[in-house]
Each structure stands twice: as structure tokens, then as C-alpha cells.
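**Q** In order, the protein sequence lines correspond to chains A and B. Residues in the first sequence are numbered consecutively from 2, following this note's numbering. Residues in the second sequence are numbered consecutively from 153, following this note's numbering.
Hints in this document: simulated from the structure, not taken from any laboratory. Remember, it's a predicted structure, so these values are computed and weren't measured experimentally. Please note that a few of the clues may not be correct.
Unchecked claim - Below are the DSSO-like pairs computed for lysine-lysine, each with C-alpha atoms no more than 30 Å apart in a straight line:
#	chain 1	residue 1	chain 2	residue 2
1	A	Lys-21	B	Lys-295
2	B	Lys-380	A	Lys-121
3	B	Lys-293	A	Lys-111
4	A	Lys-93	A	Lys-121
5	A	Lys-122	B	Lys-295
Claimed, not checked - From the structure, some residues in chain A lie toward chain B, with a derived Cβ separation under 7 Å:
#	residue
6	Leu-57
7	Thr-76
8	Phe-79
9	Val-85
10	Leu-87
11	Lys-101
12	Ile-102
Unchecked claim - DEER-style ranges, computed between Cβ atoms:
#	chain 1	residue 1	chain 2	residue 2	range
13	A	Asp-13	B	Ile-194	45 to 55 Å
14	B	Ile-368	A	Asp-147	51 to 61 Å
15	B	Leu-195	A	Glu-19	49 to 59 Å
16	A	Gly-20	B	Leu-294	31 to 41 Å
17	B	Met-222	A	Gln-82	29 to 39 Å
18	B	Glu-284	A	Ile-189	26 to 36 Å
19	B	Glu-284	A	Arg-33	42 to 52 Å
20	B	Leu-375	A	Thr-66	54 to 64 Å
21	A	Asp-188	B	Ala-367	32 to 42 Å
The C-beta atom is built at its ideal place from N, Cα and C for all residues, glycine as well.
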Amino acid sequence: MAFEDTQITINDLSFNIEGKTLLHNTNLSLNRDGITVLLGANGAGKTIFLKLLTGLLTPCSGSITFEGGNLSIKTRAFVSQEPVILRRTVLKNMLFVLEKITSEKSTLAKELLSLMGLDKKEHQNALTLSAGEKQRLCLARAIITDPEILLLDEPTANIEPNSTTLIEKYLIQKVRSSRKIFFVTHDINQARRLADEIVFIHTGRVIEHSSAENFFENPKTREAKKYISGKIN
Amino acid sequence: MNDISEAFVSSLGLILFLDAELLEIILLSFRITFYAVLISSILGIPLGAFLASTHFKFRNTVVSILFGMMGLPPVVVGLFVYLIFSRSGSLGWMGLLYSPTVMIIAQVILILPIVCCLTFQIIESLHTRYHEFFRSYRVAKLKSVIAYIVDSRFELTTVILAGIGRSISEVGAIIIVGGNIDHITRVMTTAIALETSKGNLDLALGLGIILLATAIVLNGFILFLRGKYLKTPGSSI
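All chains, please: the whole structure from these sequences, using the hints.
**A** The following block contains the structure:
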């Protein structure tokens, strides 16, 4: 994965709520493609950071630019830890997020469901799916909107191993080459498997940003070393 | 006691032999209830869904007023509508007083806040689950309101049934604005009040039995739907 083209720039991004700073002035330059894994202990500010990137939260200061311009909300898709499933069939859940349903999009929806192992369940009530199947549906639903940036907040937490494997395989083989992925996880092994680069957040501050290899081989900070060794979580 | 049992037997006779007067009163009651609940649902469900899913400056004030209106005294509503539609009232020129139309209007004023507030409560909990998803996918406001209504359809059916129950058993407002005129505005509840005062217990009891049966069937249907809903995945009550 090439890292020479920095195309996502975060300038002085901060977020406060009720006088408490949850994300301190953050400056980052990120590669346009590949998987950036956000690591950090519970309450470090990973989800806040992700929601700022998604546009679900408005920063108190700073900006995010994508390819030199303001980050358009249309370029992003977000998948949360708790899958949000509408009370309708699997296929209708897929099509709901589209502004206009065309025959091409319907075909694409079916293809994505097939890739996610849900092709035989497209007419089933989506609420009857297992936790892993629901999360796979959420990922397929995010992909059908054709986002340039995919933001995933612990998508494999609390789901069965085969779904985790399927999602990881899909992200690595089909998505990584064509879009930017931000992935929040607590699972160090998963971060090792997926990450091209790591952003390590500690008490609302980005204290490390490096390639995954560098981060795991030579962590610069004491907190990162502790986190990798499992002493903080 | 003898009079009561005789009246009861006589009332059953009226029901079984489909007494014309009894049928007329029942059909008018159902017609007024149908239109009142239909209008209240068409207005109240989208309004409740909109209020539950939208934040604006005076939202809490609007919601508080609507919740307060759930307990409107029917006779006060009746008096208010009467004053508006009486000959000297602002809408007196329409000539609607003592007509089924004005009875429907009074019923809508009573039922609309109930339908709206119950919808608000149901959709507010759904909104907590959906709103980030809708925001992240830039779902248009109208589309999201429709989705809230579609996804809470089982619960909203019970709201409509609650509206029917309230409407069909109402007497205070419609007796004032309808005037309980024979063959024109006489419905089950107003007829029961009149026939009881006249001592015509068989017709009053016959109507009472129908009204009671309607309430039991409606409540049974609500329980049935609730049971069915609780068995569906994703139910939250």
C-alpha cells in the first residue's frame, strides 16, 4: 500500500462538551486509500473522532479536508457497533439508503448480499437475522451508497467469528483498494490483520500515528506500549 | 329487578331481530367514529412522528400543550365547538350545528391529541435507535418520518384502536353539538342517556350491550395485536 499521497487532512480538530474536552487539537495527514485503524483504551475518544469524521458531530474548532476541499457528507458511510436494522426485508433495508432505486442498484444490492452470504435471505425479515448477519447487512448497505470513506465503529464486536472473518476478508479483498476505511477496534490482533496505518488515541489526544508495522514493532509512547501489551484496555 | 330482567330480554330481542331504530343509531355511531378516527389518524400520526423526530425551538412547549389536551373535558370541547358553530359564532354561517359533521369535528378535537401523543411516545423511542443512521445516510425528513410510521405500524394500530374506543364511548361533547336529534344526530351514547331518562330501558340496554361488546372486541383486538407484536423481532414494548 502506497502512502505517498496524503489526501485527508485534519487541522486543529477539537471537540468539547459541557466544558470538557473530549478531543484535543488534532492534526493529522492521512492517506487517501487503505485501512486506518483507530486504537485506544475505553473512553479515549475513538468514537468521538470517528463521529466527527462522519459528520454526526460538529467540531468545536478545526476542519477536515478531503482531496483539498471540504469533506462532503455524501462521500461518507458509517457503520456503528450496534447494527441499525429497519423493520422490513433484507433487500428493502439495502435499498432504503438509496436516493433513487435503479435496476443497476437493485442488481448491485443482490451482488453485495451474495458477497456477504445473505443472498438466500434477501426476502427475510431483517430483524430475524443473527447479530453477525445484521452487521454484514449494515456493511453491504454502507457499500451500496458508494462512499469514498467508510467509517466502521467496532463493527465486529459481539458477533460470531465466521461473520468477523467474512467482514475482514471482504474489507481486505474488495474495499481497501478503492476506498478509505477508518476502523475502530479494541482487538489488537484484528488491528494487526487489517491496518495499513494506526492512529493511537489516549485521553482525547492522538499520540501516535504511524504505519501498522512501525506501531506494532516500535511503539514510540509508553501508553502505546502498555496498550499493545494489554496492560491498559 | 323484574323490570330490569324484562328490559334485558327485550333488548336482546331488539338486537336479534335487528330493530330498525337500533340499527340506525348504531350505524350513525360507527360512521361518526370512523370519520373522526380517520381524520385524527391522518393528522395526528404524521404530526406525532414529526414532533418525535424533530428538534425545534418551541418543541417542548408544543408537546406539553398536546399532552395537556389529552385530558380535555368533553363537555368543555362541546361548549367550545357549540359557540363557534352556533348562529352567532364565527363559523355559524356554515350551518353545521346539530349535524353529524360538527359531531365529527368535536370528536376530532378530543381524539387528535390522544393519537398524536401516543404516536409521539412510540416514535420517540424508535427515533433514539434510528436517528444517527438516518443522519449518516442523509435520509430526507419526509422519508424518515414515513419510515418511522412504517416501522411502528403494529404499535400505531393500537393507537388507532384506542382512538376508536375513545370516540365511540364519548357523550359529553356530541350531545351538546349534535343535540341528540332523532334520525339525524342520535348516536349510541346520547340515545342511552335519553332513553334511560325516559324509562325506555330495553332500547337503552340494547345499545349498552352493543357499546359494551364493541369495547370488549376493541380491547381484545388490542391485546391480540400486542401479543402478535411482542412475538415479532425488534419489538421494544
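**Q** Please go over all the hints and tell whether each is borne out by the structure.
**A** Here is what the structure says about each hint:
no.	hint	result
1	Lys-21/A - Lys-295/B	violated (36 Å)
2	Lys-380/B - Lys-121/A	holds (26 Å)
3	Lys-293/B - Lys-111/A	holds (27 Å)
4	Lys-93/A - Lys-121/A	holds (14 Å)
5	Lys-122/A - Lys-295/B	holds (25 Å)
6	Leu-57	holds (6 Å)
7	Thr-76	violated (11 Å)
8	Phe-79	holds (4 Å)
9	Val-85	holds (4 Å)
10	Leu-87	holds (6 Å)
11	Lys-101	violated (12 Å)
12	Ile-102	violated (12 Å)
13	Asp-13/A - Ile-194/B: 45 to 55 Å	holds (50 Å)
14	Ile-368/B - Asp-147/A: 51 to 61 Å	holds (55 Å)
15	Leu-195/B - Glu-19/A: 49 to 59 Å	violated (38 Å)
16	Gly-20/A - Leu-294/B: 31 to 41 Å	holds (37 Å)
17	Met-222/B - Gln-82/A: 29 to 39 Å	holds (37 Å)
18	Glu-284/B - Ile-189/A: 26 to 36 Å	holds (27 Å)
19	Glu-284/B - Arg-33/A: 42 to 52 Å	violated (26 Å)
20	Leu-375/B - Thr-66/A: 54 to 64 Å	holds (57 Å)
21	Asp-188/A - Ala-367/B: 32 to 42 Å	violated (57 Å)
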